[in-house]
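Participant: Protein sequence lines correspond, in order, to chains A and B.
Note that full-length UniProt numbering has the first sequence beginning at 1, numbered continuously upward.
Note that full-length UniProt numbering has the second sequence beginning at 1, numbered continuously upward.
Among the hints, erroneous ones may be present.
No distinction is drawn between identical chains; accordingly, a pair holds when it is met within one copy or between any pair of copies.
Below 30 Å or equal to it, Euclidean Cα-Cα: the simulated DSBU-like pairs (lysine-lysine) are [what the hints assert, rightly or not]: (1) K245 to K220; (2) K55 to K205; (3) K2 to K55; (4) K55 to K143; (5) K252 to K220.
No lab work stands behind these hints: they were computed from the structure.
The chain contents come next:
There are 2 protein chains.
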Amino acid sequence: MKAIIQTDPGDPTSLTWQDTPTPTPADGEVLLRITTAGVNRADTLQAQGHYPPPKGDTDIIGLEASGVIEDANGCVRPDGTPWYAGDEVGALLSGGGYAEYVAVPAGQLLPVPSGYSLTDTASVVEVACTVWSNLMMTAEVRKDDLVLIHGGGGGVGLFAIQVTKALGAQVAVTAGSEEKLEVCRNYGADVLINYREDDFVEAVKEEGGADVILDIIGAKYLNKNVSALAKDGHIVIIGMQGGVKGELNIGKLLSKRGNISATGLRYRERADKARIVAATVEHVWPLLENGTIRHHIDRVVPVQDAAGAHQALLAGDITGKIVLAVE
Amino acid sequence: MKAIIQTDPGDPTSLTWQDTPTPTPADGEVLLRITTAGVNRADTLQAQGHYPPPKGDTDIIGLEASGVIEDANGCVRPDGTPWYAGDEVGALLSGGGYAEYVAVPAGQLLPVPSGYSLTDTASVVEVACTVWSNLMMTAEVRKDDLVLIHGGGGGVGLFAIQVTKALGAQVAVTAGSEEKLEVCRNYGADVLINYREDDFVEAVKEEGGADVILDIIGAKYLNKNVSALAKDGHIVIIGMQGGVKGELNIGKLLSKRGNISATGLRYRERADKARIVAATVEHVWPLLENGTIRHHIDRVVPVQDAAGAHQALLAGDITGKIVLAVE
Numbered sequence: 001m002k003a004i005i006q007t008d009p010g011d012p013t014s015l016t017w018q019d020t021p022t023p024t025p026a027d028g029e030v031l032l033r034i035t036t037a038g039v040n041r042a043d044t045l046q047a048q049g050h051y052p053p054p055k056g057d058t059d060i061i062g063l064e065a066s067g068v069i070e071d072a073n074g075c076v077r078p079d080g081t082p083w084y085a086g087d088e089v090g091a092l093l094s095g096g097g098y099a100e101y102v103a104v105p106a107g108q109l110l111p112v113p114s115g116y117s118l119t120d121t122a123s124v125v126e127v128a129c130t131v132w133s134n135l136m137m138t139a140e141v142r143k144d145d146l147v148l149i150h151g152g153g154g155g156v157g158l159f160a161i162q163v164t165k166a167l168g169a170q171v172a173v174t175a176g177s178e179e180k181l182e183v184c185r186n187y188g189a190d191v192l193i194n195y196r197e198d199d200f201v202e203a204v205k206e207e208g209g210a211d212v213i214l215d216i217i218g219a220k221y222l223n224k225n226v227s228a229l230a231k232d233g234h235i236v237i238i239g240m241q242g243g244v245k246g247e248l249n250i251g252k253l254l255s256k257r258g259n260i261s262a263t264g265l266r267y268r269e270r271a272d273k274a275r276i277v278a279a280t281v282e283h284v285w286p287l288l289e290n291g292t293i294r295h296h297i298d299r300v301v302p303v304q305d306a307a308g309a310h311q312a313l314l315a316g317d318i319t320g321k322i323v324l325a326v327e
Numbered sequence: 001m002k003a004i005i006q007t008d009p010g011d012p013t014s015l016t017w018q019d020t021p022t023p024t025p026a027d028g029e030v031l032l033r034i035t036t037a038g039v040n041r042a043d044t045l046q047a048q049g050h051y052p053p054p055k056g057d058t059d060i061i062g063l064e065a066s067g068v069i070e071d072a073n074g075c076v077r078p079d080g081t082p083w084y085a086g087d088e089v090g091a092l093l094s095g096g097g098y099a100e101y102v103a104v105p106a107g108q109l110l111p112v113p114s115g116y117s118l119t120d121t122a123s124v125v126e127v128a129c130t131v132w133s134n135l136m137m138t139a140e141v142r143k144d145d146l147v148l149i150h151g152g153g154g155g156v157g158l159f160a161i162q163v164t165k166a167l168g169a170q171v172a173v174t175a176g177s178e179e180k181l182e183v184c185r186n187y188g189a190d191v192l193i194n195y196r197e198d199d200f201v202e203a204v205k206e207e208g209g210a211d212v213i214l215d216i217i218g219a220k221y222l223n224k225n226v227s228a229l230a231k232d233g234h235i236v237i238i239g240m241q242g243g244v245k246g247e248l249n250i251g252k253l254l255s256k257r258g259n260i261s262a263t264g265l266r267y268r269e270r271a272d273k274a275r276i277v278a279a280t281v282e283h284v285w286p287l288l289e290n291g292t293i294r295h296h297i298d299r300v301v302p303v304q305d306a307a308g309a310h311q312a313l314l315a316g317d318i319t320g321k322i323v324l325a326v327e
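Using the sequences and the hints, build the whole thing.
Facilitator: Below you can see the structure in the form of C-alpha cells.
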C-alpha cells in the first residue's frame, strides 16, 4: 500500500506518500481500506518528534479515519453481530490513519452516523471521543454548569461547545480572533473571550467562575485556570500548547476544592478505548443524527499534502477540522 | 460559658480559658453541651492566623466535639425522628469546639457508635468524615488499589489505613520514625516507608505505583506524588504542611492520565457537610461498631491546656489523636 512516511525524523515537513507494507490485522482487528483521515494537532506533535506512538503500534501518523472494511477477520460489533467486508465505518486509531489501509481493533470501530458521508465521519471520531470522555466521563458536566472551553474555534472546541449546550450547560470560549469567536457563537457559545484583548479570568469570574474548564494550553494557563475555577470545579487538561511545567498554587486550589485531570486517548488500553467509543456512539451519535451537533470541516486536502495540512493547522488558519482524502 | 479565647491574635500560645457569651442556636441548629473536643492540625494553623473560620461563624477554635444536647430546638435526625435534650452525640463543626457550648447544624450531628464513650466519639468525627469523603467520595478507592497515605501515624493516617484495608485495598504509608511505622503496621499498613531514610517514590513504584495518594504535605511532595502515581491515579491533597506553591509537571501527569484534587471539609456548604456526615455514619460507623476500625487516642488533656496540646501536635509527639476534656 501507500502511506505518508516521514522520511527525515528531524524534519516535520518530510511527509511523503510512498510504498510501505500493508498491515496484517491481528486477532480482534479488522483491515480497513481508508477513504478519509482526520488531522489532529497531536499529529503535528508526532511529526516534530514529541508524541511517539504506543509501543508496538505503527509509526504512521493519523489518529482517526473512515473507510470500508476490507477484511472483517471474524470481528463482531458490541452487540455480537458480525462486521462484514464492505461495511462503511469510522475508526479511532492509535496511529496509521494517513495510509491506504490500517488494522483496527474491533472495539474502536464506529458506525457511520445516518446522513453522514465517510468524509464527515472521519472529521468527528477523534473530537467526539475526546469531548465525551473528558466532559462527561471525567468532568461529569451537569445541567446549568458553566464550561470554559479554550481554543473554542478548533476542532475539539466547536464540538465541545455543542456537546456542552446539548447537556444543558452554559459555555464560555476563548479564541484569538473575532472571526473564530463569531463561529463559536454560531455553534452556541454564550460568553466570547478574545484572549488577545481580554483577561479570561476576569471574564469568567464575572459569570461566577467555571465549573469545568477544557484546556489545551497546559502550563501557561495553569494558574489562571485555577483562578477562573468555581467551587468544586474541574480543570481537564488535554493539550500542552503553552508548555509542560507550571506552578500550581495548591492553596488556591484547596480553597476552591478544585480538581485537575490530565488525560489523553492514545495511550489507553484497548478495553478503555472500546468503553469510550461505545459511550460516544451511544450518547453523541444520536445528537449528530438529529442535527443537534453539526460537524465543521474547514477543508479537505489530498493525503499527499499532509505536510501542507499540518502547516495550515499550526498557522492557526483552521476553524473546525481539516481532513485528508485518501482516494 | 467558658471557652478557649486567643487573647493575642499574633501569639498562637495565647489560648486562655475565659468567659464568653453562650451561643444561641439558629433555626436548624441544636445547642450542644460539650464534654470532649478533638484537636486537629488545622486548629494549630488557625491559632497561627492561617486558617480563618468561614464568614459568620465563631472564631473559637475546634472542628469536632462530643457531648449532650442541651436544647434540641425542634431539630430532627435524617430519618425525621426528633433529637431530644439529653441525647449524646458527636458533632462536625466549622469552629467552636474548644468551649462549654456550641451551636451545631442538625445535619452535622452523629450518633455515638455503640460501645463508644463520648471521649472516643470526639476522636473520630473529623478523621472519619475526612477519610470517607476523600477516599470514597472523591478518589473512589476500589478493591486491590494501592493507596499511599502520607503521615500514616497521624490521626487521619491511622484511620485512613483501616478504612482502606476495610475496602479491600492495599496500603503504603510514610512516617518519620520506626515507632510510628510499627503502629501503622499494627493498624494494617502493608508497605512501610520511613521518609527520613527512604525515597517513597522508588518504594511505591516497586509496588506498581499508587492508585490513590492521600497527601497532607502539598507543594513539597507535588512532583514526587505525580512520579509515584499509577496510570489513572488520583492524588487527594488535604493538607499543606510542605508549602502552598509547587511546580506541576503536566506532561508527566498527562502521561499517567492523573488526577489531582485539593479538598477540605470546613468551608463546605451545610448541605454538603450533611451529605458527608450521613455517608460517614452509614458506611464508617458500622466498621467502628464491629471493631474493624479501632480509634487511637494518644492522650486526653484538660481543655484549659489547649496550647500545650497544640505544641505536642506540632512537635510530632502524637500518634493518633489528642483530645481535650471539657468537663
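Participant: Compare the structure with each hint and give your call.
Facilitator: Status of the hints after comparison with the structure:
no.: 1; hint: K245 to K220; in the structure: both (8 Å within a copy, 15 Å between copies)
no.: 2; hint: K55 to K205; in the structure: between (43 Å within a copy, 20 Å between copies)
no.: 3; hint: K2 to K55; in the structure: within (22 Å within a copy, 67 Å between copies)
no.: 4; hint: K55 to K143; in the structure: between (40 Å within a copy, 29 Å between copies)
no.: 5; hint: K252 to K220; in the structure: both (17 Å within a copy, 16 Å between copies)
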